[in-house]
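J.: Going down the list, the protein sequences come from chains V and X. First residue of the first sequence? That's 1 in the UniProt record's numbering, and the numbers climb one at a time after it. First residue of the second sequence? That's 1 in the UniProt record's numbering, and the numbers climb one at a time after it.
Everything labelled a hint here was simulated from the structure, so no lab data went into it. Not one of these hints is a red herring.
Label pairs and their in silico Cβ distance ranges:
1) X:K196 / V:M1: 45 to 55 Å
2) V:T222 / X:W17: 38 to 48 Å
3) V:L21 / X:V264: 38 to 48 Å
4) V:Y62 / X:K11: 53 to 63 Å
Glycine included, every Cβ here is placed at the ideal spot set by N, Cα and C.
One-letter residues, chain by chain:
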Amino acid sequence: MAKTILRRILIMLPQLILVSLLIFMLAQLMPGDPFYGNLNPNSDPATIERMRHAAGLDLPWYEQYIRWVEHIFQGDFGTSYTVNRGWSVTRVIGSRIWPTLSMGVIAVILTYLLAISQALLAARHENKWIDRALVVWNTLTSAVPSFVFYFVMMVLFVYLLPLFPSSGTGIEDGQSFIVNFFNNLRYAFLPALTIALFSTNSIFQYLRSNLLDQQAQDYVRTARAKGVSMKLVFRKHILRNAFLPIASGIGYSITGVLGGAIFAETIFGYPGIGALFVQALTGRDYTIITALMLLQGTLSLLGGLLSDIISAWVDPRIRVK
Amino acid sequence: MQTKKKHFGSKFWPSFWRELSNDGLGLTALILLISLFLLIFFGQFFVPSNIGSMSDIMNSNLPPMTNGHILGTTDSGADFILTLIASAKNSLIIGFGVATLVTLISIVFGMVIGYFGGWADWISMRLIDFWLVMPLVMILAIIFSTAKGLSIWNLILILAALSWPANVRLVRTLTLSEVNRDYVQAAKISGTPWYKILFSGILPNISSTIISDYALTLAGSIGIESGLTFLGFGLKAGTSSLGSMLTVLNGSASTIYVRWWLWVPVTLILIILTFGFVVLGQIVRRSVDQRQSLD
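Extracted from the complex, chain V is given alone in its bound form (with noise of 0.2 Å):
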């Protein structure tokens, strides 16, 4: 088992060096520099030139790479430009994560709660009216493009049955933990549920198809032909066997958690993460955006690395010999 995770660490290497080339490039490819904000018509060209000096952006792309690379392995993202003007980076992401955390949370355990109770349903009742409506409905969800169906969340649970608040997060500074926990609960539990509810279709299928696939097992025979109950060859055999592959997914979708975020933060109105990167990019605040993007593309790798591992965990026929 450590000579698997181990192996699996040292993949990520260098699948970290290509995470921060690639954001490099993303960086290189926006137009103007970071002091776009800070210049007027009056700005000296020489001054200019002495800041663009300073912050090393006259040397070749691959000095300038290292340079950034070193700043960031000091905890040094920069300052922001536009969102919170001269707040450093680390501290503007810092008041936005606990939103979108507590909120990706709550989204991935219902979004697992209702995809599960969703296959077990339909696995129980295959071809029946209750199986087909399920699978369309989960085809539906995963056809159309989910943030439409955030208008419709809104509608129903803010405006026709005012049962959420229509935006902001609940927490204030000055409160205690407790109180800031329980409060941003109200406000979080209306997008989570709804990321949740349009999501669940790739653990659907999955699980549906591995329940059918396990049903018509020899076991399962062998299990009935014993006498035992469906109930209990349900509950004890073909539940643990199909539950496996599906342990594996959590760490990929934490990976999704930011990308479904975008679009419920924006709509709903939540500003965490997700709103601060579409903050950023429409007011060009670059450094953000790059610090936004190594953060992401960390997670993803963590998260492949985490469902690996559990994968492992729970399989011992992938383990390495």
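Guided by the hints, dock chain X onto chain V, whose structure is given.
T.: Structure of chain X alone, referenced to chain V:
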């Protein structure tokens, strides 16, 4: 005695109609898609060429059923239905463009690396696996925003260039499951050249999944485009798409409730386009591969 002439594909339509008659949802999807196509095809003749750059302030943002505008007007004063037709057309072009390009790339690249294997396959798969965990929506948003508004064709090229890895991976997996079959081995031994084995041997056998994947890619690219354009990073101003019609709702929650007519028709068209094509793709898949037929 006369023998009936048989050729490849002759059994597609009968099985297509049979699948369709067994599937009420599929029939509904097909009818809605055909009506939408007719609406777009004939409606585009009524769309003024300057619909994207209109600025008729006197008539802007009219609610439905005023001044002869059945669904009202957009914020630039253009008729909502005509804008919807122009947008649906653009979204369709984007969907078909991206799906066609991506499918072509995935067929050629995926089958070749799956068939030959070796180090090229190994490296490609490591890179593809790496790319698949990257946040595509964020990367696309950055690239689109640096371009400050794209033309439809540039958008198609960028979207296709960045979204093919998932499809290549699928085609490669499908090819791998075929290469060790007896018919491929027999063809190899009898000296059939590799491109013939790939394109006339393996391709027809994996085509059913590729077809439904085409439909999924089509729906997915319409979704990504409309999503990013909705956020404000996408097509250039003046080129309307289903996403740009929703941009007015961005950042104002109450508009979603108060002026619901701005998003309900757009959403319905989006659902017909994306869901309709995915359902249709599944029906075509089942008609091509009768083993997957519903009964």
